[in-house]
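Enquirer: Here is how the chains run, residue by residue.
Number of protein chains: 2
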Amino acid sequence: MASLFECIPNISEGRRDDVVAAIRDAALRRGPGVLLLDETSDRDHNRSVLTFLGDGAALVSAMEAMVGAALERIDLREHQGAHPRLGAVDVIPFVPIREATTADAVALAQELGRRVGSTYGVPVFLYEDAATSETRRNLATIRQGEFEGLAAKMREPGWKPDFGPEAPHPSAGATVVGARAPLVAYNINLGTSDLSVADRIAKAIRHISGGYRFVKAMGVKLEARNQVQVSINMTNFEKTPLHRVFETVRSEAERHGVPVVGSEIVGLVPQGALVAAATHYLRLEADPTNQVLENKLLSIAFEAQRKEGE
Amino acid sequence: MASLFECIPNISEGRRDDVVAAIRDAALRRGPGVLLLDETSDRDHNRSVLTFLGDGAALVSAMEAMVGAALERIDLREHQGAHPRLGAVDVIPFVPIREATTADAVALAQELGRRVGSTYGVPVFLYEDAATSETRRNLATIRQGEFEGLAAKMREPGWKPDFGPEAPHPSAGATVVGARAPLVAYNINLGTSDLSVADRIAKAIRHISGGYRFVKAMGVKLEARNQVQVSINMTNFEKTPLHRVFETVRSEAERHGVPVVGSEIVGLVPQGALVAAATHYLRLEADPTNQVLENKLLSIAFEAQRKEGE
Numbered sequence: 000m001a002s003l004f005e006c007i008p009n010i011s012e013g014r015r016d017d018v019v020a021a022i023r024d025a026a027l028r029r030g031p032g033v034l035l036l037d038e039t040s041d042r043d044h045n046r047s048v049l050t051f052l053g054d055g056a057a058l059v060s061a062m063e064a065m066v067g068a069a070l071e072r073i074d075l076r077e078h079q080g081a082h083p084r085l086g087a088v089d090v091i092p093f094v095p096i097r098e099a100t101t102a103d104a105v106a107l108a109q110e111l112g113r114r115v116g117s118t119y120g121v122p123v124f125l126y127e128d129a130a131t132s133e134t135r136r137n138l139a140t141i142r143q144g145e146f147e148g149l150a151a152k153m154r155e156p157g158w159k160p161d162f163g164p165e166a167p168h169p170s171a172g173a174t175v176v177g178a179r180a181p182l183v184a185y186n187i188n189l190g191t192s193d194l195s196v197a198d199r200i201a202k203a204i205r206h207i208s209g210g211y212r213f214v215k216a217m218g219v220k221l222e223a224r225n226q227v228q229v230s231i232n233m234t235n236f237e238k239t240p241l242h243r244v245f246e247t248v249r250s251e252a253e254r255h256g257v258p259v260v261g262s263e264i265v266g267l268v269p270q271g272a273l274v275a276a277a278t279h280y281l282r283l284e285a286d287p288t289n290q291v292l293e294n295k296l297l298s299i300a301f302e303a304q305r306k307e308g309e
Numbered sequence: 000m001a002s003l004f005e006c007i008p009n010i011s012e013g014r015r016d017d018v019v020a021a022i023r024d025a026a027l028r029r030g031p032g033v034l035l036l037d038e039t040s041d042r043d044h045n046r047s048v049l050t051f052l053g054d055g056a057a058l059v060s061a062m063e064a065m066v067g068a069a070l071e072r073i074d075l076r077e078h079q080g081a082h083p084r085l086g087a088v089d090v091i092p093f094v095p096i097r098e099a100t101t102a103d104a105v106a107l108a109q110e111l112g113r114r115v116g117s118t119y120g121v122p123v124f125l126y127e128d129a130a131t132s133e134t135r136r137n138l139a140t141i142r143q144g145e146f147e148g149l150a151a152k153m154r155e156p157g158w159k160p161d162f163g164p165e166a167p168h169p170s171a172g173a174t175v176v177g178a179r180a181p182l183v184a185y186n187i188n189l190g191t192s193d194l195s196v197a198d199r200i201a202k203a204i205r206h207i208s209g210g211y212r213f214v215k216a217m218g219v220k221l222e223a224r225n226q227v228q229v230s231i232n233m234t235n236f237e238k239t240p241l242h243r244v245f246e247t248v249r250s251e252a253e254r255h256g257v258p259v260v261g262s263e264i265v266g267l268v269p270q271g272a273l274v275a276a277a278t279h280y281l282r283l284e285a286d287p288t289n290q291v292l293e294n295k296l297l298s299i300a301f302e303a304q305r306k307e308g309e
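Chains as they are written, first to last, in numbering that gives the first Met the number 0: chain A, 0 to 309; chain B, 0 to 309.
Since the hints were made in silico from the structure, they are not lab data.
The structure presented is a predicted model; accordingly, all values stated were derived computationally and were not measured.
Please note that a few of the clues may not be correct.
Since the list gives no way to pick one copy over another, a pair counts as held whenever it fits inside one copy or between any two copies.
Claimed, not checked - In silico DSBU-like pairs for lysine-lysine, Cα to Cα no more than 35 Å straight-line:
hint, residue 1, residue 2
1, 220, 295
2, 238, 295
3, 215, 152
4, 202, 152
5, 159, 215
6, 152, 220
7, 220, 159
8, 159, 295
9, 202, 215
10, 238, 159
11, 202, 159
12, 152, 295
13, 238, 202
14, 220, 202
If we strip away everything but chain A, and leave its shape as in the complex, we get (with noise of 0.2 Å):
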């Protein structure tokens, strides 16, 4: 089937539901092949963001219309959230889903910030795995200063924009491009109140002191339960899988006498996550992707989106 890239627009308006509207059909009607997951404004934030599914060139022609539109509707130097912002549409990652690689995404990142600079004159950055250095790989860092501050931030050595002109577009700022893996929310509940025996094993299994290079995590204690939790956010399932850091929770619980009493996934997983631990765990000798079923349809019926729209 066709690759699968999910692209997940933040835009600098949550108030008038009619600009969204625009701005969202404006990406829509320039599929097929690009489907709206999901939509959420908040009006303190000011900002809205939209979760679009599709293949990767569908997505980015969907996104450079979509860019033209808010152009047209946002004006920045008039625009109040409480959430930090660089631009009329702020930031635009790249998700690789399903037969696709980061690279994938990095190069749709790369093609979209080309046409969002000289379509609309829009300076655009790059991105976490899409970035050109290691400074903008960070988003916080790039959008310090925020819109205001971003003519004096452009001047500054350092701060060139990846693509599209040095200084900032009067009314819509400047746009964050990027690309990322897919991240899996996936907590791990143990038979125990005491929260420490939690902070032992989420620093055990995190990057940052020792532990699994894709895994962030945290203790936190389940009240109404009266159970902790390893709280985990799994940035890359395909470097890091689900079932390891299962595997190695359970270990180090074991030493503390403690029971894996359930796990839980938050929010949406790629099939690709849940496939993997089906075939660890029933140590399939092949990837049994392409012959679950629904698969199949998947793949007809986004076939036939595509032709329709030719």
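Use these hints to put chain B onto chain A, whose structure you have.
Expert: This is chain B only, laid out in the frame that chain A set:
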């Protein structure tokens, strides 16, 4: 999302490609909501097996149209082939794939049976989970005597059809319609060349000799690998899940001092069979099916296709 079924009509024509195409297209034209997953014709058997996937109501309408198209083009009085057959459309099983139960599939079989009987005057026998008596559960029993012996068989007591006239259709015989759970072919490879170990384990897990209710199994020698295999048909993976059978095979093999070296799934597998294994081993407290990102896409794509047809 919509509930999803597989439907696998077996047609008594495997030589005239244009006839098979016309019959298949009659089903697809009645879509939307019906997708062709696979089509296999066998010239020796003079028989074709079509695999459709779709929502229940759409599949029943598609099958009704398909039976009509087959009746116009196939005359069993002139049909010869190696495979036993009773009708122009010989057998149509419905299989629940997701968000559907065997009972739902039985209801589809009954509705299709009623329509085929009344619209086309073709007698219909219900089989497997849709069977109205134990003697009709087994397809081979119903088909015994084939088309040529059908008129005489239907005059015997106990062979009144479930729907339609009490004598065969002159050119189309009778059609057998039914419901069954999806099959998963799952093989577990053992680190020994001793076939008797695989045989003993197969005996331990299969229903007929005291094992799991929905397991058929036998020992097989893998000459090229110098290993043996427990070759398994899982006839209902929801009631007898893969991970339970895997753990039993592992435990029995251990008792013989033999390791499980790997396993394989042959052919297609519903996503649910793999997600159930991940849920079990990761000790997930809730079924993550509705959190799988691809299932959102499946749902949206399917819904779009249905709307298009309205």
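Enquirer: None of the hints should be skipped; say for each whether it holds.
Expert: Verification of the hints:
1. 220 x 295: Between copies, since 32 Å is at most 35 Å while 42 Å is not.
2. 238 x 295: both (26 Å within a copy, 24 Å between copies)
3. 215 x 152: Classified as within: same-chain Cα gap 31 Å, cross-chain 70 Å, threshold 35 Å.
4. 202 x 152: Neither way: residue 202 and residue 152 sit 37 Å apart in one copy and 74 Å across, limit 35 Å.
5. 159 x 215: Cα proximity of residue 159 and residue 215: one copy only (32 Å, versus 67 Å across).
6. 152 x 220: neither (42 Å within a copy, 71 Å between copies)
7. 220 x 159: Neither: 45 Å inside a chain and 66 Å across chains, both beyond 35 Å.
8. 159 x 295: Intra 46 Å, inter 39 Å, cutoff 35 Å: neither.
9. 202 x 215: Only inside one copy: residue 202 and residue 215 sit 9 Å apart there, 46 Å across copies, limit 35 Å.
10. 238 x 159: Within. Shortest intra-copy distance 33 Å satisfies the 35 Å Cα cut-off; inter-copy 61 Å does not.
11. 202 x 159: neither (38 Å within a copy, 71 Å between copies)
12. 152 x 295: neither (50 Å within a copy, 41 Å between copies)
13. 238 x 202: Intra 19 Å, inter 39 Å, cutoff 35 Å: intra-copy only.
14. 220 x 202: within (15 Å within a copy, 48 Å between copies)
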